Amino acid sequence: MSSKKPLLLLSLCLVFCFACVYIVVPADLIATPTLQSVSGWTGMVTGFEETETQGTRIYISLRNSTNDWSAMKAVENEPAILLTSSGSKTECPIVIVGTGKHRIAPGFQIRGFTGGTRKEPEKQLLYVECPVSEIAAGSNLSLSYQYIVGAYDLHVPSIEIKKEMLLNLDQVESALVYPFDDSSMVVVNKMGDKISAINNFSLILTEAMRSDTGLELLWKAENPSDYPNYVHIGEPPVLGNDGIIYGYYVDPSIADATIALPKDESEWTTSVLVPADVTGLYIMVSVETRQSKYFINHVIDISDK
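Residue 127 in my numbering sits at position 127 of the sequence shown, with consecutive numbering throughout.
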């Protein structure tokens with residue numbers, strides 16, 4: 001037998017032996033796939049206020065310019081830096097800038113969120129405080145922030161992207177329109193529309209009613225399967241014409257869900273505290289889709305409520 005034949009047989013064996021070998025990557029090494037973020041978040045200065053300690057509070061609004069759903073926050077324990085035209089730098093240790101963990105639709109903009117605690121929520125405006133009595137002309141404010149984009153997967157961490165935001169303190173925006181700068185960047189659902197959910201469910205917002213303290217949202221899930229099941233949506237927040245995210249953040253994966261029997265429907269209500277004078281409301285709802293504890297975000301227009 002030619003010496004080449006054993007070598008050929010050995011090569012074929014190796015090919016077939018390893019053809020079905022695959023590598024399992026641990027879940028903690030996988031990150032949720034996301035769209036490529038182009039420009040991150042945009043910050044806008046909206047005003048100044050003297051503090052009780054003779055410092056200056058700089059109010060800020062944020063626009064989601066990532067082209068995807070995104071949550072952002074200032075980097076913890078890292079001061080903002082006040083930069084003057086002469087080159088001097090001042091650390092500004094109080095930095096309250098972010099979305100309160102909520103994912104916001106692209107093109108939407110905010111100036112605050114619901115902070116405090118779940119039992120005692122409170123409105124939290126976005127600002128930076130600097131220990132100077134006045135801001136010199138030609139000054140800028142630099143702050144570090146981090147954000148995530150795309151769907152939320154409980155089992156797979158999202159990639160955090162870190163960027164710097166530079167704000168021109170001579171440029172004050174006094175005519176911003178909330179809750180969005182450009183709504184064409186996202187599909188906006190209407191009340192009554194069917195939203196696809198896990199296990200071929202359909203999620204429907206059937207009613208949005210004003211109450212003494214805010215809003216009551218009535219939801220319905222249609223179960224076409226032969227098995228009892230449910231869909232998680234958490235406690236969806238709303239965003240209106242004052243630029244505040246109303247609704248304390250609750251991880252949708254751990255919130256209660258109502259079971260729908262086979263070939264049947266389930267109904268439940270969520271509530272959110274919203275002042276009566278806030279109008280132009282939009283719901284930001286995270287819907288369990290594709291697989292367990294994987295959430296895709298949707299906007300629902302209830303601006304007529």
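Hints are computed from structural coordinates only; laboratory data are not their basis.
Bear in mind the structure is a predicted one, so any value in this text is a computation, not a measurement.
It is possible that part of the hints are untrue.
Said to hold, decoys possible - Taking lysine-lysine pairs in the DSSO-like style, the calculated list, with each CA pair at most 27 Å apart, reads:
#: 1; residue 1: LYS101; residue 2: LYS123
#: 2; residue 1: LYS194; residue 2: LYS220
#: 3; residue 1: LYS194; residue 2: LYS73
#: 4; residue 1: LYS101; residue 2: LYS220
#: 5; residue 1: LYS194; residue 2: LYS305
#: 6; residue 1: LYS73; residue 2: LYS89
#: 7; residue 1: LYS163; residue 2: LYS119
#: 8; residue 1: LYS190; residue 2: LYS101
#: 9; residue 1: LYS89; residue 2: LYS163
#: 10; residue 1: LYS119; residue 2: LYS293
#: 11; residue 1: LYS162; residue 2: LYS73
#: 12; residue 1: LYS162; residue 2: LYS293
#: 13; residue 1: LYS190; residue 2: LYS89
#: 14; residue 1: LYS73; residue 2: LYS101
#: 15; residue 1: LYS263; residue 2: LYS101
#: 16; residue 1: LYS293; residue 2: LYS101
#: 17; residue 1: LYS190; residue 2: LYS263
#: 18; residue 1: LYS119; residue 2: LYS162
#: 19; residue 1: LYS190; residue 2: LYS162
#: 20; residue 1: LYS101; residue 2: LYS162
#: 21; residue 1: LYS101; residue 2: LYS119
#: 22; residue 1: LYS194; residue 2: LYS119
#: 23; residue 1: LYS163; residue 2: LYS73
#: 24; residue 1: LYS89; residue 2: LYS220
#: 25; residue 1: LYS123; residue 2: LYS263
#: 26; residue 1: LYS220; residue 2: LYS293
#: 27; residue 1: LYS119; residue 2: LYS73
#: 28; residue 1: LYS305; residue 2: LYS263
Index of numbered hints that the structure contradicts, given in increasing order: 3, 7, 13, 15, 18, 19, 22, 24, 25 and 28
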